[in-house]
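Participant: So the sequence lines, in the order shown, correspond to chains G and L.
Taking the working numbering, the leading residue of the first sequence gets 1, the next gets one more, and so forth.
Taking the working numbering, the leading residue of the second sequence gets 1, the next gets one more, and so forth.
Please note that the accuracy of each hint is not assured.
[What the hints assert, rightly or not] One-sided excerpt, in silico: chain G residues whose CB lies under 8 Å from chain L: (1) S17; (2) P26; (3) A151; (4) P152; (5) I155; (6) D157; (7) Y158; (8) M164; (9) E165; (10) G166; (11) D169; (12) A185; (13) T194; (14) R198; (15) T199.
[Stated by the list, open to error] Straight-line alpha carbon distances no greater than 25 Å define the calculated SDA-like cross-link-like pairs of lysine to any residue that follow: (16) G/K90 / L/K171; (17) L/K273 / G/K90; (18) L/K174 / G/D156; (19) G/K175 / L/G25; (20) L/K101 / G/T34; (21) G/K3 / L/A57; (22) L/K171 / G/Y29; (23) L/K171 / L/R21; (24) G/K191 / L/E247; (25) G/K31 / L/E430; (26) G/K175 / L/L56; (27) L/K60 / L/D81; (28) G/K3 / L/E24; (29) G/K191 / L/L170; (30) L/K273 / G/Q193; (31) G/K125 / L/E323; (32) L/K377 / L/D474; (33) G/K3 / L/G25; (34) L/K60 / G/M1; (35) L/K174 / G/Q117; (36) G/K3 / L/G23; (37) G/K191 / L/S274; (38) G/K191 / L/K60; (39) G/K191 / L/G25; (40) L/K200 / L/P317.
Calculated directly from the structure, the hints in this document are not laboratory data.
Quick caveat: nothing in here was measured; it's all calculated off a predicted structure.
Ideal Cβ positions, reconstructed from N, Cα and C, are used throughout, including at glycine.
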Amino acid sequence: MEKVVTHTGIGVPLRQSNIDTDQIIPAVYLKRITRTGFEDALFAGWRRDENFILNTEPYNKGSVLVAGPDFGTGSSREHAVWALKDYGFKAVISARFADIFRGNSGKQGLVAAEVAQSDIELIWKELENNPGTEVTVNLDARTVQCGSIVAPFQIDDYTRWRLMEGLDDIGLTLKQEADITSFEASRPAFKPQTLPARTAD
Amino acid sequence: MSTMQSPQTLAEKVWNAHVVRHGEGEGEARQPDLIYIDLHLLHEVTSPQAFEGLRLAGRKLRRPDLTIATEDHNTPTLDIDKPIADLTSRTQIFTLRDNCKEFGVRLHSLGDKEQGIVHVVGPQLGLTQPGMTVVCGDSHTSTHGAFGALAFGIGTSEVEHVMATQALSLKPFKTMSINVEGTLKPGVTAKDIILAVIAKIGTGGGQGYVLEYRGSAIRALSMDARMTICNMSIEAGARAGMIAPDETTFEYVKGRPHAPEGDDWDAAVDYWKSLQSDEGARFDNEVFLNADELEPFVTWGTNPGQGVSLSSNVPVPEDFEDENDRKACERALTYMGLTGGTPMKEIRVDTVFLGSCTNSRMEDLRAAAEIVKGREKDPQIRMIVVPGSARVRLEAEAEGLDKIFKDFGAEWRFAGCSMCLGMNPDQLAEGERCASTSNRNFEGRQGKGGRTHLVSPLVAAATAIRGTLASPSDIANTPVSA
Chain G
1 MEKVVTHTGI GVPLRQSNID TDQIIPAVYL KRITRTGFED ALFAGWRRDE NFILNTEPYN
61 KGSVLVAGPD FGTGSSREHA VWALKDYGFK AVISARFADI FRGNSGKQGL VAAEVAQSDI
121 ELIWKELENN PGTEVTVNLD ARTVQCGSIV APFQIDDYTR WRLMEGLDDI GLTLKQEADI
181 TSFEASRPAF KPQTLPARTA D
Chain L
1 MSTMQSPQTL AEKVWNAHVV RHGEGEGEAR QPDLIYIDLH LLHEVTSPQA FEGLRLAGRK
61 LRRPDLTIAT EDHNTPTLDI DKPIADLTSR TQIFTLRDNC KEFGVRLHSL GDKEQGIVHV
121 VGPQLGLTQP GMTVVCGDSH TSTHGAFGAL AFGIGTSEVE HVMATQALSL KPFKTMSINV
181 EGTLKPGVTA KDIILAVIAK IGTGGGQGYV LEYRGSAIRA LSMDARMTIC NMSIEAGARA
241 GMIAPDETTF EYVKGRPHAP EGDDWDAAVD YWKSLQSDEG ARFDNEVFLN ADELEPFVTW
301 GTNPGQGVSL SSNVPVPEDF EDENDRKACE RALTYMGLTG GTPMKEIRVD TVFLGSCTNS
361 RMEDLRAAAE IVKGREKDPQ IRMIVVPGSA RVRLEAEAEG LDKIFKDFGA EWRFAGCSMC
421 LGMNPDQLAE GERCASTSNR NFEGRQGKGG RTHLVSPLVA AATAIRGTLA SPSDIANTPV
481 SA
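Take these sequences, add in the hints, and give me the full structure.
Facilitator: Put into structure tokens, the structure is as follows:
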């Protein structure tokens, strides 16, 4: 995973709450077996509307999405994060993220910055009044900056550390393999195994 | 969650029993715990990139014997003996077959008697048991919490992580108790309880929490009904939902293909009986609901929190104090093609979908069949019945439920996720309105431009008879033939 410490890019105000993962990437795009190339799928339903914000200059070049509360609700599809990243987004700002979406973002180097709704309202106004204004997301300082607005954001320490160091989770866990093996030796005998397969017939 | 020995919640007990290694530090700065995973469920949609990741890193699947796969999201529900027509769907399914073969994973493919929706298959094989940790690259993994398991959906990176390590690095969840006391009125079901819970706490209300459903109304529910409730915990934003195991749970598990036997069974039940929240255990949040007052519940909008009692009206934006809620209401009404103030029961429906991991088990099919038996379907309505698994389909046919549905004029399909998310050909057309027993009413979820009302199997059945959203009491006077 690439290290992220700060990112600066054009902010895109998306004034809507409860943006679920079916909107971020409709299910029809989940049939692919690759991990990249999802840029066309991002907000595919909404992008058919020519007035949708990502179809307008200069927001179509945006890399920081500023959305309403409860962003990323619904399905566990990591494709939602892949689509945002493939399109060019490096950070999403919202007052509240769905848990799985936030977890998936952390695994993929997309910053999910939790900012108070009152600050988001100010950022929305700034981005709408001055299209093309850049937003800086600073993981080190845990702040987002947009014009004269500087707002703090929440992100858990562990995710922040992993993002800033660009660490691979599986590699970290495999360092504890001895602990996993000894835990396995202590599991009760009644716990089920899928193999050998048993069925009702 | 604390790791103290004194009073613990159910969720804390299961968590603590799976800690491979405690994270260092305190409070906000605490590192995640490494949690062991007892069962990993796979399906074709969220696994291909994880298998590919393993291959690229030269890693092995650590525990094929704790892993099982089924084909569900993409599979057709008609003509399953013919090649899958959609080429991208077919590729994804063939990829799963190749991957399972390469890594030694047990797979129940289309046509197999154990194929079906992953969350129906696990419990019915007896692989889901109390006190386990269960994960799957699917948010409705919360379903398995009905057994007192800690079960939650994960993304594809975490799928790969579990494949390689059989463990996950996780921050402890907060706990919320959802107390439902009282007795449900006839015609009111588990689906109505959970829709009411979501409307009460909102789609973000459960964020960061494991919900534990408690109280006399929950204890009285069957396992099928408990699965319906835990299934939709994610729709309240929660990571998981749980119900403490009891005799109903043990009775369900006993004798299933992978249930413990002999001495193992006794040891298991002894342990399972300890899986109750202790007297005095502290929850981070508590919610109370009176089951006596609940009515059939139905959604009017485009998220599962936008629901009302079936006997009330479509809300108007002015009903909401919060500006975001008001805007969300306006937008939802436009998308749904509804006018505020319209009685819910006057909403005309085109399609009825009975199925999904929420409501496709035997009890759901039996309940709907009992309503439609001998009655006439509204001629304008298309009704699709999709059993949750091939096994459920066989059982239903053994009871003659297929005949009841077919005589009624409904389509009797093969098992899969089907119209819940429309990844296979079962989709709504633009503007088509559906009463659906599934779990999500998001824009376009069931097909581009499709309009979804989430309902219970009873409401689905009554709606198919009347043609407008209806409860069983509304069709009590419609004629029944012998």
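Participant: For which of the previously enumerated hints does the structure constitute a violation, in increasing order of number?
Facilitator: 3, 4, 5, 8, 9, 10, 12, 17, 22, 27 and 39
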